[in-house]
Each structure stands twice: as structure tokens, then as C-alpha cells.
Amino acid sequence: MADSFKPHDAAEVEAAIRSALADGKTLELTGAGTKRSIGRAAQWDATLDLAGLSGVTLYEPEELVLSARAGTRLAEIEALTAARHQELAFEPMDYGPLLGTASGAATIGGVIAANLSGPRRIKAGAARDHFLGVSAVSGRGETFKSGGRVVKNVTGYDLCKLLAGSWGTLAAITDVTIKVLPQAETEQTILVLDQDDIAARKVMAAAMGSYADVSAAAHVPAAPAARMAETAPIRTAVTALRLEGVAPSVAQRKSLLEALLAPFGSLASLNEVNSRAFWRGVRDVMPFAAAGPVGQHDVWRISTAPSQGATVGRTLAEKAGAEVLYDWAGGLVWAALPAADDAHAPLVRSAVAASGGHATLIRAPAAVRAAVAVFSPEPKPLAALTKRVRQSFDPQGVLNPGRMWAGI
Amino acid sequence: MSIVMPPFDEAVLKRRGEIVAALRRIVPGEGVIDSEAAMRPFESDGLTAYRQLPMVVVLPETTTQVAAVLGYCHREGIKVVPRGAGTSLSGGALPLGDGVLLGMAKFNRIRDIDYENRVAVVEPGVTNLAVSKAVEHAGFYYAPDPSSQIACTIGGNIAENSGGVHCLKYGMTTNNVLGCELVLMTGEIIRLGGKHLDSGGYDLMGIVTGSEGLLGLVTEITVRILKKPQTARAALLGFAASEDGGECVAKIIGAGIIPGGMEMMDRPAIAATEEFVHAGYPLDVEALLIVELDGPQAEVDHLLERVQEIAKSCRAVTCRLSNSEEERLLFWAGRKAAFPAVGRISPDYYCMDGTIPRAKLPLVLRRMQELSAKYGLRCANVFHAGDGNLHPLILYDANKPGELDRAEQFGADILRLCVEVGGVLTGEHGVGVEKRDLMPVMFSEEDLNQQQRLKCAFDEKSLLNPGKVFPTLHRCAELGRMHVHAGRVAFPDLPRF
Ligand SMILES: Cc1cc2nc3c(=O)[nH]c(=O)nc-3n(C[C@H](O)[C@H](O)[C@H](O)COP(=O)(O)OP(=O)(O)OC[C@H]3O[C@@H](n4cnc5c(N)ncnc54)[C@H](O)[C@@H]3O)c2cc1C
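Just so you know, the protein sequences line up as chains R and F, in that order. Taking my numbering, the leading residue of the first sequence gets 1, the next gets one more, and so forth. Taking my numbering, the leading residue of the second sequence gets 1, the next gets one more, and so forth.
Bound-form chain R, shown alone (with noise of 0.2 Å):
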């Protein structure tokens, strides 16, 4: 059986999983690769190129759908929208600046195979909230579709929902529908100055609580901060709030939003082109870039209860000298921690067991990768239910076998 198949169509997606079924053979799926280091390290027989299946099939503005083949790239999707003020309201991450892989080559169905999303995710969703409509190759070698084109449709369950961050384990996405909607006019971000974690959680709840419909909130301590260019002349922690909508919304926000923060210290503001460049660092994780000062260390990516993240954040801090960054009001905890054998995964486990939620070992050389559980383990009956779901799409495991979790 040969190493690779590069299929151009979704017959030929079809006919490479047959062939591996029929040579008891397993697949590494893969769309551009930028995310490929992500994931439990593991070995498969070959590999199978999704690139191939490239191009927008349908991209109606007014209906706010788009469609297209999996392996399109992000990049061509973001450019063609934005040429009608349009975007994917879910801000999907870039992952090539803190891998070290290559940046904006990622395609459409490695975005929704991760289930990617970025700071707007607590005001839009993630790529779950846009994914309209699937057509697929299961791991039986059966091509099956779900979902629509419309935004409205609860007809057969939602697999689409499942497809969106099963990293490839379950099928083969051939074709994807998303929404699109209208980017916002503007933008501006309203800074908090010299804030310590537990402060910069009461700053974003009140703000998050407040009619000033913040699309986006971080907290960046301050030597993380100093990494930023928008950041970095400021030298001290920053907790940013931003506003996106129609020139006199956001100025109307903002006065209301610098009247309740005022109290917990000083504020300054980004204007609209710092507040985007700012905004797409935090999204990125830009402060722990692979080429970066803690490029060598192991990043976790958690997610909790918005007002439990710097609890978390503290302990890694205090007990393995992690750096962290808090997204989404404070619920998304990211952090790196200096290299170590086991990642620090006992003590990062421990700390997201006690808060709730869940982590994964994003950034690790692959021996960690292959030692220790990248995906959060899941307590025994639902252990058991992922694992009879995985079968029912791919019962031979023949697509990315163990990428999630070991015998899964």
C-alpha cells in the first residue's frame, strides 16, 4: 500500500479508505498540516492528503452561506468574505506561530476538525456555532451527509456538532457549509492597567455583566504583555475589553465601559488598527510563539468557569513557574510551562480537576506526546460512550487511531 493518497475528489476520498479498510491498513488525515504536532503522538500506515480538495463551491453573501471543499484554504475563504465586509464570526486561530509551523496555510476542515475559535468565541461561538452542513467519508468508506444550508434546521441529529473537534477520528470531511456574517465597522479596546489574575477576573466579570457587549476579553500578564507590540511600551499587565460594532455604538460603549472600570485602575485604549494587531496576538497566543523566548516550553491550552481560570493560572504558576494568558473573560487559561518530562501533566490535570473543565497538551516534543494523555481523560462510562460513538463512524479505527486518546 502506498505511503500517501492525495485525493481530488470525494470519490477518491472514498476509494482511499476502502483501500485502507481492505489492506487493514490505518490513515493519518491531514489538511495543510499546521496542526499535524497536535494530538497524542501515534504511528499510522499513510497518510491521507486532504489538500486535494480544494475550491468555494457556493458563497451567497445575502444568505450568509458559504460553501466549500475541505481542503480550501482559510486564507482564500477570509479574503473572498472580507472583499463584502463579511468574516467567520468565530476568529479561528492560527496555530503555524506557536507550533512553528507555517502561518495562514491552514484549510477549512482542519479549522473545523479542531473545532478552532478565537477571542470573539464567547460572543459568536466556535466553529461548532457556524458549521451548517457536512458531507463525509466515514471510517466504513461511506460517504454520508448532514446538516444543510440554511442556519435553522434541527432535521436528524447534528453531526456536524460531532464532526467539530473530532480531529479527524471519526470521518473524512469532503465538503463543508458555514456561516458567514458581517465583519463590524469598527472596533477599539479598552485597557486596564497593572492588574494581578485575581483582580483582572473581577474586572472582565463586570464588564461581561454590563450592557457594553464586550465581543472579546483577555487578561495578559505583564511579561507576556511586553512580548506584544501594542502592548509592550505600557510595562505592566494589561486586561482588554473590546467593543465592535457601528462607529456611534462603540463610542457609546466605551464611555459606558470606562465609567464602571474606572474604580479598579488606570485604563488606556487601542484604536482600531492596534486594537485588530492586539487582538489577533491574544488569538494566536503570539507571547509563546515557537520562535519566541518560551518557545521551548509546553503549552497547555485549558478551558474553565470564566471566574475559576486565574485559580488555575496561580497554581501553575506558583508550582512549575508557568507563564499564563487568560482568554475568554478568563475562562480560556492558556499556559507555558518550563519543558518537562511528563509536560507537568499530574499537576496541570489536578488543577483543572478541582476547577472543572478541560485541558489538552497542545505544544510538547513527541515523546511527551506519546507518554502522557494529550486529550482530557473522560471518567469510565463516558470513556466507554466515546469509544462506542468512534466505532459507529470508523468501527476498524482505521482514521487517525489513538490521535485522541490510546485504544480509541
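FYI, nobody ran anything at the bench for these hints, they're computed from the structure. There may be inaccurate statements among the hints.
[As the list claims (entries may be wrong)] In silico DSS-like cross-links for lysine-lysine, where the CA-CA straight-line distance does not exceed 30 Å: (1) F:133 to F:227; (2) R:123 to F:461; (3) F:461 to R:145; (4) F:169 to R:254; (5) R:6 to R:202; (6) F:106 to R:123; (7) R:202 to F:227; (8) F:169 to F:227; (9) F:106 to R:380; (10) R:387 to F:169.
Go by the hints and put chain F with the ligand onto chain R.
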């Protein structure tokens, strides 16, 4: 009423006395109902054309009881139908004569309101509106707002992935729930999600939402609550042609405006509602559009002006902007009363729920008029215009022989039409029994088989709510079989590198 439900399991029915006694040991007191008179209120849901008395009704109060009931039924091979408030319009909660109807009404507590994390943890029997009421004093609300919100439960909302007039901007149920406790048919209890975002593994919460009670019993739910918009204003726009109304909707969205709500009514619906509530709707228009903007005052005023300009460019013959809260509510009064208003002009009506790409609206309305003539039945349309979700109301009289059948055929033709123009069978009411046999219009056998395989991962004996959603019931073993063409097929055309 051509739907055939699974045949009764005579062996189970013979053991009814023993089963009732066993259930009483799990749920003591009045939580097990087996007298015909007391079971009568449970015999149907919002799809009242279908009725069936269950074998027995059980109203558990704790997750432990739910788990014990399901575990028992799983061991004994007894079917179970979950029920919330019974407002499903697709027959999702229709009982089975040889099954247990598991009513979740006693799960009616709000367990936790957490403003810092902007979530509420509620039991499934809590009504949709009760969640918003509980957080109203702090200026928060729960966004999905089905018209049935005073009655329907959050558990039912999860099962149906319910929507409302605000879901264009704020999403459906699935975009507003973060976690749940789920009891599997085996009696195993699992937790999905929580107060955090996204799943650390497969997004099972996403698959349970909208699964119509076929995958598990939801016993606790964590929902997002949002800060109420500071203000809301609406525009009432009338058009002489439905094409103009459709163009206006497209242009509003094309201009980058996502209204909080955007609802359309056709002439028959306008006439029926105006006569009922006197909202001041113009009677000489083909299409009436309500566009509501919500958010900060400056934004709402600014966008409403743009909407007005767009409406004029689309030849609106009526254009009124609300200048007070009373006026805004008056604009809505007619739309909100559309169903009962139609109920007044016809002995019965049948509510459909397809979704279409918005641009197809004029075509679909025209074709619906033709169908209306063909079947000799009137039809009024209310339409979630922003997201393309149509609610044609077919007027009929159940006392006239053949009219119900004709109404059902008319409805089925409308749904086929929705699929034909690129839409779907149901936007928010669910498949249930009602649209079960139309599923092949939208899905291939392979599509449906894959969905049923997923069902098998949750419920290998197909005991939970069988006879709903899927037109053909397959055994899990049969679905799981692989037909590998054992290496005999070569793939010469396939590029290999
Ligand atoms: C007048 C009227 C207006 C309506 N308007 C709308 C609308 O605007 N938008 C909309 O989306 N819908 C609407 N509906 C439909 C209906 O109200 C919704 O589908 C609602 O979510 C059903 O909730 P329920 O509690 O009544 O559930 P039920 O009807 O009791 O059950 C619905 C389904 O959920 C399952 N179920 C219930 N509870 C659970 C549980 N705890 N665990 C697992 N499964 C469970 C049942 O088995 C069934 O399949 C309307 C209905 C009426 C009668």
C-alpha cells in the same frame, strides 16, 4: 395519519402488573400512574392528531430514580418515551402503548444562578420562561424564546433544539447550552460540559441537543444567560409584493445588519391577526415585515434609520418606526398572536416548519398558492424571515371527512418543496413522528444509517423513544456490519504518492 408505529410487544403488555409494581418500588407514591383516566392527559402532545395511551406513566423526582427506571427498563426490554411539557409539534413525546412515559415535570428547580460565569443550572422540567424570570431582576435573560415559552421545558428545548424569534442574532438552544447531566438507557449517568466552553473530547452535548429524546434522559442543564439588550426598537414595514419584502430582508442583511428579530407575514396571516388584536397592521399589503433592532440606544437608532432607507429603496408602502416600548409591543402583538388568530378563522390548523434559503421566498410562496388551490385548503404564512424558517398554517376542518388527510398531504408537499429549493424539512419543531417518513426526501439511506449507528452507540437495544425520527428501524447489529470489499477492488485511478 398514515404513520405506522412499532408493533406492541405483547410479552411486555402481559407483564404490565408486574412492571407497574417494580416501577412503584423505584418511584414511590403518586409518581407511578396506571389508571386510564389519570393517564389520559398524557396521551398526546402538541401534535394532537396523534393519540396513544402509554402502558404506564412514571414521574420521577431524582436522577437516581431516573437511572433506576431506565436501568430496569433496559434489562427488561421495555420502551421508554421521555416527556417535558408535551408541547412538541412533531409528536416527539407521543406515548407508546407498550412503553413507559417518563414525565420530567417534577424536575422543576433552578439549582444555581451564577452571574459571574453568566450561567444558570436548571432541572429539565423548568419552563423556558422561568429561567428568564429568575434572572430578570439582575438584567439578564435566557436568549432562545420559543413562542411556547410559558409552557415548554428546558429539557424539551434541548431535545428539540428549539428556536425563537431572536435566534438569528442569538442562536438556537444548541448555541446557548453549555452542559448537562445525561442518563443513558442503561442507567449510567454521565456529565457533558459544564460552566466552561467547548468539549475536551467529542461534542456529545452538541449531538444530544436536537436528538428528540432518543439518546438519553437529560436531568440537569447548564445554560448561558445574557445581559438584556439596553433597548429595542422595531420597524413595521408593508410591501405591495412579497418579492419587495424578500428583497428588503436580503438588503438589510447585505448591509451588514443582523436584527434581533425579523418576522414576515403574508396577506392571510395579516388579515387574521389584525382582526384578532387590532395592532394597526395595513390590510392592503402582500407582505408585512417586523424588523427589531436591539442593543445600545445609539446603535439601535442608527441602524433603524438605515433599515428605513433600505425599506424605502425596496418600495415599502408602509414604514413605521416604534417610538415607545408600547408601540414596539403593539407591532409585535399581531405576530405573537398569529397562531390563535388563525385558530379563530378556521376550526383547525396544521402548523408546518420548513426552512428555505431566504432568496427562494417569493418562489415558495407562489408554489404554495398553487398547492393551496390544488388541495382546496387555505394557508396563512408566518415566517422567521431572517433565517428562512417558514411556518405555513394550513387551515382545515377535522370534522369534514378527508380534510385532515388533505392537510397532511398539503403539508408534506410544502416540505418537499422546501428541500427541493435547497432547504430542510424542519427548522425548529423536530422530526418526531410527523416528518419521520419524509426523512428520505432529504437523506440517503447511507445518511440515515450513519445517524442510526450513532443512536446505537447510546441505546443499543433501541428502547428510547423508538418510532420517532427514523422511517425504518434497523437492528444495531445489522447496522454495524461491515461490507468490506476485501481487497478485491483495485483503485487504479487514484493518485498515490
Ligand atoms: C403554541 C406553540 C408554539 C410553539 N412555538 C415554538 C417556537 O417558536 N419555536 C420552537 O422551536 N418550538 C415551538 N413549539 C414547539 C415546542 O414548544 C418545543 O419543541 C418545545 O421545546 C417542547 O418542549 P416540551 O417541554 O413541551 O417537550 P415535550 O413536547 O414534552 O417533548 C419534546 C421532545 O423532547 C423529549 N424530551 C422532553 N424532555 C426530555 C428530557 N428531560 N430528556 C430527554 N428528552 C426529553 C421528548 O421525548 C420529545 O421527543 C411550539 C409549540 C406550541 C404548542
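Now for the hints, and whether the structure bears them out:
1. F:133 to F:227: Holds, at roughly 13 Å.
2. R:123 to F:461: Violated. Residue 123 of chain R to residue 461 of chain F sits at ~40 Å, over the 30 Å cutoff.
3. F:461 to R:145: Roughly 25 Å between the alpha carbons, so the hint for residue 461 of chain F and residue 145 of chain R holds.
4. F:169 to R:254: holds (22 Å)
5. R:6 to R:202: violated (51 Å)
6. F:106 to R:123: violated (33 Å)
7. R:202 to F:227: Distance ~17 Å between residue 202 of chain R and residue 227 of chain F Cα, so the pair holds.
8. F:169 to F:227: holds (14 Å)
9. F:106 to R:380: holds (29 Å)
10. R:387 to F:169: Given pair residue 387 of chain R, residue 169 of chain F is violated - Cα atoms ~36 Å apart, limit 30 Å.
Checked against the numbered hints above, the structure violates hints 2, 5, 6 and 10; every other hint is satisfied.
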